[in-house]
Amino acid sequence: YDAENDADADGLGGDVDECPYDADNDADGDGVCGDVDVCPGHDDNADADGDGTADGCDVCPNDELDDADGDGVCGDVDQCEGHDDNVDADGDTVADGCDVCHNGDDTVDSDGDGMPNDCDVDITLHAGNNLVSFFALPDDGLGVESFFGGSSVYQVIGQGVSAVINNDGDWVGSLSGVSPEDGYWVRSGLDEDEEEHFEVQGGVIAPLSYSLAEGSNLLSYPYSSTQSLSDAIPANAADVTFAIVGEGVAAINIGAWVGSLADNTTGGLRGGKGYWFTTTGLSGDDEVSFEFNAPSGDADSREAFSDFAMPVVPEGFEYTQSTSQGFYFVEAASFDGIEASEGDWIVAYNDNVVVGSWPWTGAYTTVPAMGYDGTEETAGYMESGQLPTFKLLRAEDGSLNEMSMLEASEWTNNSVAIVQLSGTTPLPAAVALNEAYPNPFNPSTNISFAVPQDMHVNLSVYDINGRVVAELVNEMKNTDTYNVVWNAHSNASGVYFIKLVAGDAVHTQKIMLIK
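Under my numbering, the first residue of the sequence shown is numbered 3, with each subsequent residue one higher.
If you're looking for bench data, these hints aren't it; they were derived computationally from the structure.
Computed from a predicted structure; not experimentally measured.
A couple of the hints might just be wrong.
Below 35 Å or equal to it, Euclidean Cα-Cα: the simulated DSBU-like pairs (lysine-lysine) are [as the list claims (entries may be wrong)]:
1. K512 - K479
2. K501 - K479
3. K479 - K517
4. K517 - K501
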């Protein structure tokens, strides 16, 4: 009853053969004969994505559109569906078509706000003057009024241009908008010890081309990652740059970068900061064009300059950050032949006004000297042509010692100078009992006295009833100034008197012990 006489030669007549044209008779057992089986060897009925192609023969068994973007990655695991996963120009493992931060690293979002660091400029503004720049900017809205609107910023100063809010609340001045290549001094109306978070989100501005001309050039830094000066600045720019000045920090190029801006605690070029580049060897219309080197991505190198911490200034030696500043690189400092040591501070003065201070860090300790910038807060600060004076604050005894510059260097804005400082204890001209400090005290106080010639000295402490409670000195002393510590831990709280008898001179001083 088979006109074709077993066409598939499987030994079964076609009239009883379930698969008359399939010699293997549905070998995969999916109920579909091999001659019409879409996916031989697999179950034609297993079609998870419902695209009409059995899973066993489906290039993308869970992707109904079967890699619609043609990037070789099925839609169910495609990182960037609709775009080629293999196109990743910025190398951040996120396909360019799905980048949140184009040309930046989408995988690093420190503050967890959904915007990667490279497109998220987070600047902490403090009271007064802040030297800033922006490594990411939006496509529009860069006008000064809209850009800084709603913040505490009331004045912005660029290189040769500025804008300020007038009494009517309007922005006026020669600076119209924010530029990616430039750095800016921004003045905030915050109170002391108050801070404000200023955020800008936009596209990465790097790479940028910069031009260095004769004199000082106020530039931005176009990356969010911190870099050392030697890593960030290419050779052609370093060759014509003598100094770089940031907000309260600076570095000079003496064949290697030295100074507070080269130190791994306070230094490095940092995202959100602006910098003055002072050139050497350029004149007239000479210019040198360059691009900052891109961060290497080396985690170790980034971590070496990761945190920024300005030193905590000792009480009484604070100063206000000015938009006018000069720096003195102290190559060596000694007093009475003893070199400055760790813990000591170099303090800069204009007359009796503190204009800067910095802890001793060894050769090329960088001491800022702030200048008068027209604001009330900087009244009495340095002005062009003046000479600052310096004092050494000793950590071991808290003494403040006069220092002299071996070669005087006048102050000008953005100036840098390499100096050496030295000082000697002046010989006393008369018997003197200096003010004890601290006073009041607990439990000890420092007592300083001076004798102008060799003489017998008695230094004693009396209680309020005139009884001697401590004899600190009773011997011959040579011409000099002396320091004595009285530890009153076993004495009761109250008023005491120090009495100095040296030759015919007698001096007394009241002190108070408070426990």
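Please name the hints from earlier in the document that this structure breaks, with their numbers sorted from lowest to highest.
-> No numbers; nothing is violated.
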